[in-house]
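So the sequences go chain by chain: A and B.
Take 713 as the starting number for the first sequence in the numbering used here and just add one per residue.
Take 713 as the starting number for the second sequence in the numbering used here and just add one per residue.
In case anyone wonders, no lab produced these hints; they're calculated from the structure.
Careful, some of the hints might be misleading.
Stated by the list, open to error - No farther apart than 30 Å at their CA atoms in a straight line, the calculated lysine-lysine pairs in the DSBU-like style are these:
{"no.": "1", "chain 1": "B", "residue 1": "K918", "chain 2": "B", "residue 2": "K729"}
{"no.": "2", "chain 1": "A", "residue 1": "K1113", "chain 2": "B", "residue 2": "K1113"}
{"no.": "3", "chain 1": "A", "residue 1": "K765", "chain 2": "B", "residue 2": "K1113"}
{"no.": "4", "chain 1": "A", "residue 1": "K1113", "chain 2": "B", "residue 2": "K765"}
{"no.": "5", "chain 1": "B", "residue 1": "K918", "chain 2": "B", "residue 2": "K962"}
Stated by the list, open to error - Selected chain B positions facing chain A (Cβ under 10 Å, derived; list incomplete):
{"no.": "6", "residue": "P750"}
{"no.": "7", "residue": "P753"}
{"no.": "8", "residue": "L794"}
{"no.": "9", "residue": "A807"}
{"no.": "10", "residue": "D825"}
{"no.": "11", "residue": "S828"}
{"no.": "12", "residue": "I938"}
{"no.": "13", "residue": "V996"}
{"no.": "14", "residue": "R1031"}
{"no.": "15", "residue": "V1108"}
Unchecked claim - Stretch by stretch, here's where chain B covers chain A in the computed footprint (C-beta under 8 Å, at least three residues):
{"no.": "16", "segment": "746-752"}
{"no.": "17", "segment": "780-787"}
{"no.": "18", "segment": "801-809"}
{"no.": "19", "segment": "816-829"}
{"no.": "20", "segment": "928-939"}
{"no.": "21", "segment": "970-983"}
Cβ atoms here follow ideal geometry from the backbone N, Cα and C, with glycine treated the same way.
Number of protein chains: 2
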Amino acid sequence: MTEILRGNLVHTPEFGKLETIPHGYIVLEDGVVEGIFPVLPERYAACPAVDYKDCLIMQSFADLHLHAPQYPMLGMGMDLPLLDWLDTYTFQTEARFSDLDYARQVYRQLAEDLISSGTTRVAMFSSRHADATLILMEELERAGAAGYVGKVNMDRNSGAAQEAAGTSIPETLRWLEGCRFAHVKPILTPRFTPSCSDGLLEELGKLALERGLPVQSHLSESPGEISWVKELCPDCGQYWETYRKHGLWKKGTLMAHCVYSDEKEQEAMREAGVWAVHCAASNVNLCSGTAPVREMLERGVRVALGSDIAGGDQLAMNRVITASIRASKVRQMETGDPFLSVPEAYYLGTAAGHGYFDGSSGFQEGKKLHAVVVDDSTFPPAARELRLEERFERAVYLMEKQHIRAVYSEGRLAPFCRLR
Amino acid sequence: MTEILRGNLVHTPEFGKLETIPHGYIVLEDGVVEGIFPVLPERYAACPAVDYKDCLIMQSFADLHLHAPQYPMLGMGMDLPLLDWLDTYTFQTEARFSDLDYARQVYRQLAEDLISSGTTRVAMFSSRHADATLILMEELERAGAAGYVGKVNMDRNSGAAQEAAGTSIPETLRWLEGCRFAHVKPILTPRFTPSCSDGLLEELGKLALERGLPVQSHLSESPGEISWVKELCPDCGQYWETYRKHGLWKKGTLMAHCVYSDEKEQEAMREAGVWAVHCAASNVNLCSGTAPVREMLERGVRVALGSDIAGGDQLAMNRVITASIRASKVRQMETGDPFLSVPEAYYLGTAAGHGYFDGSSGFQEGKKLHAVVVDDSTFPPAARELRLEERFERAVYLMEKQHIRAVYSEGRLAPFCRLR
Chain A
713 MTEILRGNLV HTPEFGKLET IPHGYIVLED GVVEGIFPVL PERYAACPAV DYKDCLIMQS
773 FADLHLHAPQ YPMLGMGMDL PLLDWLDTYT FQTEARFSDL DYARQVYRQL AEDLISSGTT
833 RVAMFSSRHA DATLILMEEL ERAGAAGYVG KVNMDRNSGA AQEAAGTSIP ETLRWLEGCR
893 FAHVKPILTP RFTPSCSDGL LEELGKLALE RGLPVQSHLS ESPGEISWVK ELCPDCGQYW
953 ETYRKHGLWK KGTLMAHCVY SDEKEQEAMR EAGVWAVHCA ASNVNLCSGT APVREMLERG
1013 VRVALGSDIA GGDQLAMNRV ITASIRASKV RQMETGDPFL SVPEAYYLGT AAGHGYFDGS
1073 SGFQEGKKLH AVVVDDSTFP PAARELRLEE RFERAVYLME KQHIRAVYSE GRLAPFCRLR
Chain B
713 MTEILRGNLV HTPEFGKLET IPHGYIVLED GVVEGIFPVL PERYAACPAV DYKDCLIMQS
773 FADLHLHAPQ YPMLGMGMDL PLLDWLDTYT FQTEARFSDL DYARQVYRQL AEDLISSGTT
833 RVAMFSSRHA DATLILMEEL ERAGAAGYVG KVNMDRNSGA AQEAAGTSIP ETLRWLEGCR
893 FAHVKPILTP RFTPSCSDGL LEELGKLALE RGLPVQSHLS ESPGEISWVK ELCPDCGQYW
953 ETYRKHGLWK KGTLMAHCVY SDEKEQEAMR EAGVWAVHCA ASNVNLCSGT APVREMLERG
1013 VRVALGSDIA GGDQLAMNRV ITASIRASKV RQMETGDPFL SVPEAYYLGT AAGHGYFDGS
1073 SGFQEGKKLH AVVVDDSTFP PAARELRLEE RFERAVYLME KQHIRAVYSE GRLAPFCRLR
């Protein structure tokens, strides 16, 4: 089926490049972008069209690091030091997800909150619970979101959230059995080295290889964590080697944070094709630091953004994008590294993340559409006619749910849009 | 008239102290707090009551530094260096306010945006225009907000926004003539030393003395500005002395930013009773730096918060509060100064600002009520029953307009609440 969307098109086909097409057209064939046009070619004249008039049609967001079971504690415990925060809030909250009714309630609200905020793709941590993880995937699928979800593996040092000895791999296999969703796929998710025994990492590495499964984890978030890893794994020179040792350091592996990744660790990422997921809001909230994003990008490391709820306090990715800009400005004041411009940070929070999943670069022919339609007509009255670039910038800073007219995920209008 | 409000009361009667009264009562007599009770005294049993049930009744916000005519450029031009940003956006936008229809449109939306975000008191910069400033005051009054508004004085170095020679004082007098509002009062507002000639500052100092008017301006926002002031005023040892010299450095003077105020400047503030208005979001957006808030507070300098739109990109003061927390965490990482806790930052963005106007400390007997009623029932489902302190924290981080059930300003329910 051919479908045509009309509106002011804004996307970032590459890092630092903003492309705008005033009153342009996106032609979809079964949800796949067939072309992008400033003027509609004659051959489509008879096709059904949705006219978003003066709205902006922008790339939707991709959130490549967040903890679904921490959604209940969003915005809480931010004054506590990291380890107290983990004990008092995180592990206790995550333990609640053995209750499947509770899981259903939380994950339904989370999925709706995500998609109505314009986030259409995710790479998400669940808890240790296989069944609750399947519920999470089902709710994401139902809401129209896409991406990866991982049952978390953690068999040591994890308090109330820890798995009973010998259950981590069998439960992982049982979870993988249940993963039969069209758009939400499994990703192996060792929480991080301190919470996984060598044996567990070894098994997960084998599983990743045998089944061709992607991997996500945490890396070099704080100095304390890095020292801890050094103690736990005296045979590994650097943190990243604890993952490589077990076959988890490979093309497409997502590593959250990388605040303290030095030149050597960054080179190891670039060489292996491991991605850094930058979580600016969380890194400031937890006093972790400001990540070397510009440096990683210049070195050729692939970078995407994550809300990292509930270390991050905001689910809406446009706020994560502006938090990344602010963190980069702090970093500029500290190190001189140029800050991220609005188009650059927007690229990282949208196109980069989508590219992780499908290799796309912005709105691209042959790729399913992931887009958000923004009505900026109720923004403060401008002093003159604004260029599309300026309207884009305001949208990134000011967009709230009520400004989002429509969301397209995997080429389809998200269900919540049809209900309105 | 006696009126009773029931709900979960949360306020900060002093810096760092959070007081919570579950299902408590506020008794108002003509909008003035007569008492706060955990259990309603028998004598009030027959009075009309509004039961906000399980909602939080919290102190409303006070925004002690923002530029009303920059509202149209909220979230724009953030990638530009300060001086380009001023030239390309600020001065051109401000110049538009000679058009009174435009002023009416912008200021009506701003006033409604403010009050519906829970901000009930402001200290605000207008533009140079006397008539537009009166419109701004009228619109704030109509929306139910209170506080100070200043016609800006600027007779040098100010591009398109500058006043014609010899017109600044006569226009100020004409503006003062027109100031006849119940809750919105005038404040003298030399923009900052670089944009005011010595003669102008001299005249404003006299006016402040003769009429007992308060004063607001900018101080030590960035190193470049400080050098510029040194060049312009070689006879003054420090920036603050350029205000003292002309009688503008006095009890209750509001100085925005103070990012680079050293020990001596801070001592001068404390001695004179000059307030620092901390604008964390703006200071990061413009790469100015992180202000020494903890240091100022420990030295006894009074501090309140400002959104500083449009250097700041968010009008909602709960976001300015969390931005202040994040800035203080960055500062902690830099200097070791302990970060601002949620109750501390909330105090600065609410009680401190209200105290500036009426000497109150939180909800206090004998003071008009300034409060916001927050319905947190649609926040993410918590993993267990939350303490009121935790619900308060979530409200500060997650509150959006749609969670605000009611706003009280100067003891009255804000008009927008009656319309809903």
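Going down the list of hints, with the structure as the test:
1. Among the hinted pairs, K918 (chain B) with K729 (chain B) is inconsistent with the structure: their alpha-carbon atoms are about 40 Å apart, more than 30 Å.
2. As the CA atoms of K1113 (chain A) and K1113 (chain B) are separated by approximately 11 Å, the hinted pair is consistent with the 30 Å bound.
3. A threshold of 30 Å between alpha carbons decides the hint, and for K765 (chain A) with K1113 (chain B) the separation of about 27 Å falls inside it, so the pair holds.
4. Using a Cα cut-off of 30 Å, the hinted pair K1113 (chain A) and K765 (chain B) holds, with the two alpha carbons roughly 27 Å apart.
5. Between the alpha carbons of K918 (chain B) and K962 (chain B) the distance comes to roughly 12 Å, so the proposed pair stays at or under 30 Å and holds.
6. Interface hint status for P750 (chain B): violated, as the beta-carbon distance to the closest one in chain A is roughly 25 Å, over 10 Å.
7. A cut of 10 Å between beta carbons decides the hint on P753 (chain B): the least distance to chain A is about 34 Å, and the hint is violated.
8. A hinted interface residue such as L794 (chain B) counts as satisfied when its beta carbon comes closer than 10 Å to some beta carbon of chain A; here the least separation is about 12 Å, so the hint is violated.
9. Taken as an interface hint, A807 (chain B) checks out: its beta carbon lies about 8 Å from the nearest beta carbon of chain A, inside 10 Å.
10. Against a cut-off of 10 Å between C-beta atoms, the interface hint on D825 (chain B) holds, since the closest Cβ of chain A lies about 8 Å away.
11. Among the interface hints, the one on S828 (chain B) is violated; its C-beta lies about 12 Å from the nearest C-beta in chain A, farther than the 10 Å criterion.
12. With a cut of 10 Å, the hint placing I938 (chain B) at the interface with chain A is violated, because the nearest CB-to-CB distance is about 16 Å.
13. The beta carbon of V996 (chain B) is positioned within 10 Å of a beta carbon in chain A (closest approach about 5 Å), and the interface hint is therefore held.
14. Checking R1031 (chain B) against chain A by beta carbon gives a least distance of about 9 Å; that is within 10 Å, so the hint holds.
15. Taking 10 Å as the C-beta cut-off, the interface hint given for V1108 (chain B) holds, the closest approach to chain A being about 7 Å.
16. As drawn, the segment 746-752 of chain A meets chain B at 0 residues by the rule of a beta-carbon pair under 8 Å; below three, the given contact is violated.
17. Counting residues of the segment 780-787 of chain A whose beta carbon lies closer than 8 Å to any beta carbon of chain B gives 5, which reaches the threshold of three, so the coverage claim holds.
18. With 3 residues bearing a CB less than 8 Å from a CB of chain B, the segment 801-809 of chain A meets the requirement of three and the coverage assertion stands.
19. Coverage of the segment 816-829 of chain A by chain B holds [criterion: at least 3 residues with CB-CB distance below 8 Å; count 5].
20. With 0 residues carrying a beta carbon less than 8 Å from a beta carbon of chain B, the segment 928-939 of chain A misses the three-residue requirement, and the given coverage is violated.
21. Figure legend: the segment 970-983 of chain A, annotated as covered by chain B; annotation inconsistent (0 residues with Cβ-Cβ distances under 8 Å, at least 3 required).
Hint check: violations occur at hints 1, 6, 7, 8, 11, 12, 16, 20, 21; the rest are consistent with the structure.
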